[in-house]
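There are 2 protein chains.
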Amino acid sequence: MEAPRNAQQRKTDTLARLTSDVDAWIATADADGNAYLLPLSFFWDGADVIISTPRSSVTGRNLSRGGRVRVGVGQLRDVTVIDGTPEPVEDEQTMDAYAAKHSWDPRRESGDYAWFRIIPDRVQAWREVNELAGRTLMRDGKWLA
Amino acid sequence: MEAPRNAQQRKTDTLARLTSDVDAWIATADADGNAYLLPLSFFWDGADVIISTPRSSVTGRNLSRGGRVRVGVGQLRDVTVIDGTPEPVEDEQTMDAYAAKHSWDPRRESGDYAWFRIIPDRVQAWREVNELAGRTLMRDGKWLA
Numbered sequence: 019m020e021a022p023r024n025a026q027q028r029k030t031d032t033l034a035r036l037t038s039d040v041d042a043w044i045a046t047a048d049a050d051g052n053a054y055l056l057p058l059s060f061f062w063d064g065a066d067v068i069i070s071t072p073r074s075s076v077t078g079r080n081l082s083r084g085g086r087v088r089v090g091v092g093q094l095r096d097v098t099v100i101d102g103t104p105e106p107v108e109d110e111q112t113m114d115a116y117a118a119k120h121s122w123d124p125r126r127e128s129g130d131y132a133w134f135r136i137i138p139d140r141v142q143a144w145r146e147v148n149e150l151a152g153r154t155l156m157r158d159g160k161w162l163a
Numbered sequence: 019m020e021a022p023r024n025a026q027q028r029k030t031d032t033l034a035r036l037t038s039d040v041d042a043w044i045a046t047a048d049a050d051g052n053a054y055l056l057p058l059s060f061f062w063d064g065a066d067v068i069i070s071t072p073r074s075s076v077t078g079r080n081l082s083r084g085g086r087v088r089v090g091v092g093q094l095r096d097v098t099v100i101d102g103t104p105e106p107v108e109d110e111q112t113m114d115a116y117a118a119k120h121s122w123d124p125r126r127e128s129g130d131y132a133w134f135r136i137i138p139d140r141v142q143a144w145r146e147v148n149e150l151a152g153r154t155l156m157r158d159g160k161w162l163a
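So the sequences go chain by chain: A and B. Per my numbering: the first sequence = residues 19 to 163. Per my numbering: the second sequence = residues 19 to 163.
Treat the hints as calculated values from the structure; they're not laboratory data. In this text, all values refer to a predicted model and were calculated from it rather than measured experimentally. Backbone N, C-alpha and C define an ideal beta-carbon position, used for all residues, glycine too. Be aware that one or more of the hints could be misleading.
Ranges between beta-carbon positions, derived for each pair [said to hold, decoys possible]:
hint, chain 1, residue 1, chain 2, residue 2, range
1, A, Gln93, B, Arg125, 24 to 34 Å
2, B, Ala65, A, Leu162, 22 to 32 Å
3, B, Asp114, A, Arg95, 32 to 42 Å
4, B, Asp139, A, Ala49, 31 to 41 Å
5, B, Asp114, A, Ser121, 29 to 39 Å
Here's a subset of chain B near chain A, in silico, CB distances under 7 Å, partners left out [claimed, not checked]:
hint, residue
6, Asp41
7, Asn52
8, Glu127
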């Protein structure tokens with residue numbers, strides 16, 4: 019086990035991963051409290067996690083409902099977890115940036131895709147148990163480091 | 019992108035991963051439909067996913083509630099997703115097997131740990147989009163291959 023990173027290093031590593039990683043685990047729930055989980059391509063616009071998924075899919079319906087969402091990024095022993103709330107994406111600019119990152123544009127698909135912006139209010143990052151302390155990097159939407 | 023695997027190969031790969039992998043993403047939800055997600059050490063006893071977590075943690079409380087649970091195993095481009103329902107684990111034999119796998123016994127921790135058995139009714143496995151077809155390996159608790 020490596021020595022625990024300090025807060026600044028964790029933030030740097032986390033932002034690098036959010037920028038370069040392709041897929042994230044998106045956990046949502048329905049109104050009855052049944053959990054759903056799927057890896058989806060995501061785009062980090064510097065503030066929010068942007069994803070696109072068919073409007074009628076389970077994830078699409080759960081996100082449209084607006085309950086709390088949790089996003090897992092990275093490896094199981096190099097984890098970033100983001101808590102946030104979803105909002106629909108309406109602006110073409112964000113859709114363009116998403117398409118540029120993934121070389122794939124949901125607007126060109128035959129299915130009815132929706133975009134969602136997950137607005138983080140808490141970000142945590144840790145590798146192993148010795149990094150559980152100090153894992154909170156953002157609280158109430160504010161970066162701590 | 020590699021050629022898609024057949025059902026038998028996917029099942030073989032999935033069972034190998036469930037046996038050898040250490041951590042899994044556990045997605046749960048509260049009664050109000052807010053999602054939660056955490057990587058946890060797990061033990062596959064050949065039929066169910068066994069996890070242990072503090073009884074009073076968010077995951078512990080969500081699992082005690084009994085709503086649907088979703089488990090993500092593997093890499094983001096080599097995914098196994100398990101849908102199931104949680105039940106408390108009472109037998110010492112399962113706790114022993116969990117402790118043996120992880121060289122860590124929650125019974126020896128000072129916190130009040132609970133064990134849960136997630137009983138799968140659906141198992142899906144895929145690597146990339148060309149494996150989305152045929153990704154369902156178990157349906158209604160029955161392996162299809």
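Each hint tested on the structure:
Judged by the Cβ atoms, the range 24 to 34 Å given for Gln93 (chain A) and Arg125 (chain B) holds: they are separated by roughly 28 Å. In this structure the supplied range 22 to 32 Å is violated for Ala65 (chain B) paired with Leu162 (chain A), their Cβ-Cβ distance being about 43 Å. Remark: the range hint 32 to 42 Å for Asp114 (chain B) to Arg95 (chain A) is contradicted by a beta-carbon distance near 25 Å. The supplied range of 31 to 41 Å is broken by Asp139 (chain B) and Ala49 (chain A), whose beta-carbon atoms lie about 21 Å from each other.
One distance hint, 29 to 39 Å for the beta-carbon pair Asp114 (chain B) and Ser121 (chain A), is violated here, with the actual separation near 49 Å. A distance limit of 7 Å between C-beta atoms decides the matter here; for Asp41 (chain B) the minimum to chain A is near 4 Å, and the interface restraint holds. A least Cβ separation of about 4 Å between Asn52 (chain B) and chain A falls short of the 7 Å threshold, and the interface hint therefore holds. For Glu127 (chain B), the suggested interface contact is broken, since its CB lies about 12 Å from the closest CB of chain A, more than 7 Å.
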